Amino acid sequence: MADVVNVGVNLDAFSHAISGIQALRSSVSRVFEYLKDGMKNRETLEGREKQFIAQFQDNLQAVNRDLNELERLSGLVGRPSESHPLHNSGLLSLDPVQDKTPLYSQLLQAYKWSNKLQYHAGLASSLLNQQSLKRSANQMGASAKRRPKVQPSTLVLPPQYVDDVISRIGRMFPDMTIELFRPNGTSAVLLVTLGKVLKAIVVMRSLFIDRTVVRGFNENVYNEDGKLDIWTKSQYQVFQKVTDHATTALLHYQLPQMPDVVVRSFMTWLRSYIKLFQSSCQRCGRFLQDGLPPTWRDFRTLEAFHDTCRMRFRRKHSAGV
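Number 251 in the working numbering belongs to position 153 of the sequence shown; there are no gaps in the numbering.
Treat the hints as calculated values from the structure; they're not laboratory data. Keep in mind that the hints are not guaranteed to be accurate.
If you anchor each label on the Cβ, the simulated ranges turn out as follows [said to hold, decoys possible]:
#, residue 1, residue 2, range
1, W329, V359, 50 to 58 Å
2, L158, W211, 50 to 58 Å
3, A208, N318, 26 to 34 Å
4, A208, V129, 44 to 52 Å
5, H350, L289, 18 to 26 Å
6, Q355, N282, 21 to 29 Å
7, F385, Q216, 51 to 59 Å
Model, not experiment: these values are computed from the prediction. Here a beta-carbon is modelled for each residue, glycine too, at the ideal position from N, C-alpha and C.
Can you make the complete structure from the sequences, with help from the hints?
Rendered as structure tokens:
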């Protein structure tokens, strides 16, 4: 019994159909070769014509026989099931601009990249196998005894210490008002008012900043129950941008051993927005771009940039290096 796979194709008939195609091509080739050779040398012209016509008819009958056999086998092959999963290759048909999409070059580049990755992974594996670490339990025990113990950094600091650090930072910046709340016990939430420009809600765990939300000076920062709203975004796009940049700044200022320095550095960076609507971009010199002021502040120099100008500025300096 012929094997039928789950896609609805009879593999046995498919194999015989391929053989039938080869036989049909051979019989057609014999017809044209016989026409090319012409009539054989015979004693009489009538004998040559009869022999040629008879052989030519046999060749045509062979072509007809092979063609009928191929049509019969084609009906037995079956039609592939339309529910056959094509996986990721099926997404290619969804692209409405096939002619404009360089699929072949991208696939070729991905294939070369995967081959190179496999090659380098093999080299790395062979090198690591050659340089395997050989340590005994005694050696590890001796080295462990000689190694000094590192004091773990604690994430929980006394609330009095946190209050003292925040108050010192508040005295450093007279134009910045910092109000400290403890709605959930020891964890502090800061409401930072920067002049008449913006308000920032800084959520802290001990002395580590967890998240920041920046809103406009005239926006409400409290819930209906009178608590600080630490989740709602600003309704203005400019302060949404500043919130995103503040989140990036939290990732930049990371020094677990000295959390007070991190808080002071972040507050110094946040204070640079005191002239959010008065500073021009350091690259293009404009105050507005797409209706927005320069919302990015450099982490080191605190200079103001638009988002697009900052990216171009970085690319230019990286290319120069």
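Checklist entry - Is the hinted range of 51 to 59 Å satisfied by the C-beta distance from F385 to Q216? => result Holds, at about 53 Å.
Checklist entry - Does the Cβ distance between Q355 and N282 fall inside 21 to 29 Å? => result This hint holds: roughly 26 Å between Cβ atoms.
Item to check | 18 to 26 Å as the expected CB spacing between L289 and H350, which holds or is violated | outcome: holds, 23 Å
Checklist entry - Is 50 to 58 Å right for how far apart the beta carbons of W329 and V359 are? => result violated, 28 Å
Next on the checklist: For the hint 50 to 58 Å, verify it against the beta carbon of L158 and that of W211.
Outcome noted: About 55 Å separates the Cβ atoms of L158 and W211, which means 50 to 58 Å holds.
Checklist entry - Does the Cβ distance between A208 and N318 fall inside 26 to 34 Å? => result The hint (26 to 34 Å, Cβ to Cβ) is violated, given that A208 and N318 are roughly 51 Å apart.
Item to check | Beta-carbon spacing of A208 to V129 - inside the hinted bounds 44 to 52 Å or not | outcome: Since A208 and V129 have Cβ atoms about 47 Å apart, the given range 44 to 52 Å holds.
In this structure, the earlier hints numbered 1 and 3 are contradicted, and the remaining ones agree with it.
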